[in-house]
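Protein chains: 2
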Amino acid sequence: MTHRSGSVTLLEVAPRDGFQSIAAPLPTGEKIAIAERLLDAGVTRMELGSFVSPKAIPQMADMAEIAAHFKGREGCRLSVLVPNAKGASLALAGGYRDLVFVVSVSEAHNRNNVRQSVAQSLDQLRAIVAEMGDGGERLRVDLATSFDCPFTGAVPLDAVRRVFAEALSIAPKAEFALCDTTGRADPLTVARRFETVMADGPADAVWAFHGHDTFGMGVANALFAHSAGVSIIEGAAGGLGGCPFAPGATGNTATEDLHFAFEEGGIATGIDRERLLAAADRIAALPGGKTASHLRNVPRKRALAG
Amino acid sequence: MTHRSGSVTLLEVAPRDGFQSIAAPLPTGEKIAIAERLLDAGVTRMELGSFVSPKAIPQMADMAEIAAHFKGREGCRLSVLVPNAKGASLALAGGYRDLVFVVSVSEAHNRNNVRQSVAQSLDQLRAIVAEMGDGGERLRVDLATSFDCPFTGAVPLDAVRRVFAEALSIAPKAEFALCDTTGRADPLTVARRFETVMADGPADAVWAFHGHDTFGMGVANALFAHSAGVSIIEGAAGGLGGCPFAPGATGNTATEDLHFAFEEGGIATGIDRERLLAAADRIAALPGGKTASHLRNVPRKRALAG
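Protein chains in written order, with the working numbering: chain A, 1 to 306; chain B, 1 to 306.
Among the hints, erroneous ones may be present.
Quick list of in silico lysine-lysine cross-link-like pairs, BS3-like style, CA-CA up to 27 Å [unchecked claim]:
id, chain 1, residue 1, chain 2, residue 2
1, A, 301, A, 290
2, B, 173, B, 71
3, A, 290, B, 301
4, A, 173, A, 86
5, A, 86, A, 71
6, B, 55, B, 71
7, A, 290, B, 71
8, A, 71, A, 173
9, B, 55, A, 301
If you're looking for bench data, these hints aren't it; they were derived computationally from the structure.
Please take these sequences and the hints and turn them into a complete structure.
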């Protein structure tokens, strides 16, 4: 497997998972400017934010405005996260077709994250797919806490398989992600778990991995997920982020660190590193943002070429 | 490869690569106490320091005293680094049999590191093996800058193969290490380079990987080296270190982060994580030490169990 080559899609989540980690809401114009810079760098998949109650996450109160700005943008696939059917209806009414729905494998985390049981969340998914009317073809289902839960610890593989099976029966054409919400997954377990769960689904399913670098495994987890056949790896430029409902979690794995790991190894991302780092610099300059990047902390010349 | 299991040897270099990174020499008693704690944690391979000119590295001026303390210690293999034949003679005269000799693949780095050309260093290796008289059976040869040089950038694979071939002809029974001195190696290149260079040597050769986490690849590089067949992975508890002759390099990959990556994936190290973290805590408390550890920065309970 060490001789594999080819490509990987780095899905940018700084505008969603990252921006929600900053307590004071950012100016809408700044959010849009940063997302534009990421697109300029060659990013083709990005989560723009969440259609969620402003009471729950005030940082996303301007979601409709941002969504309107990017509506119909070509050459990329921009999605919005929805925690429930109400959010999905808002997004769809606004003309948004690419949705991300999140359900946790862990009951405790799902209740903390979206204030519903896992069964209730799956009912929401059912309603969303019914409204979308295409078997979930433009939907991604994020299976949060697929490895570890901040409240209950290790998450059994069987629980992941069970929630995946139910979600798949509801949204057979969706894209799926196993999410290491806390950053405590280890690389070999990531690879094995993907191999097992992917074998439960259709052979042509598209899979994603969402990771955090809290335990220092972020880059390795991404590479091992890719080696298991995962084609979409999520990252946040600058390593911005964390999960407000996962105590202790630090930021998403920095997109620029992932870029280095894949591209230096001959796996193309389609993203320009210098422009990506410039976008990460702008993110790191945001007041109140916590970032964690290795590549931003080496001399820029060394980050760009050996 | 993701289903591999088995074991790995984590070779501890904090007392050598780590302590030399602290400008003010540490008290000898503190150095010994830390090394004892690492042994108590289950470490079986460790570099105790360097037999080097105190003018070049004053932090190692008490090497003979430390070596005397640990001389004859059973149940572990403790080595000392020697940059030349003079250091080797001193070590051997002091009763030390396990030596580590370092030569850089990059001419520029070798001249900065040991003030000799690569050819001159290989002459030193010849003299050392002649004095040891066993084909280098108790010798490890570290090939520094096997991927990247802080002065000249990317190091060609052919140069690594050439220096390895010469070193192997001089020390056919030695253990060899490819060293990512700057931390700029990427995981796929590490795996490929090991596969190629290992195929140049005898099938029963023992190989090691020495890495730094400067570019955030430390853990991933170690796992990919292991997947290529490398059985010895170097780390420094606490992530202490850097190379005084490799500008910009941060510490060695933290042994506790490596422990997490391997053990959580089912690959045994023989080391107790709680005791290792306690030793890392003591190292992190050393005045003037720069440490970089992920595992020390999460709640201890979470570092120990999911």
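- Message: To test your reading of the hints: which numbers does this structure violate?
- Response: Going through the list in order, the structure violates hints 7, 9 and respects the others.
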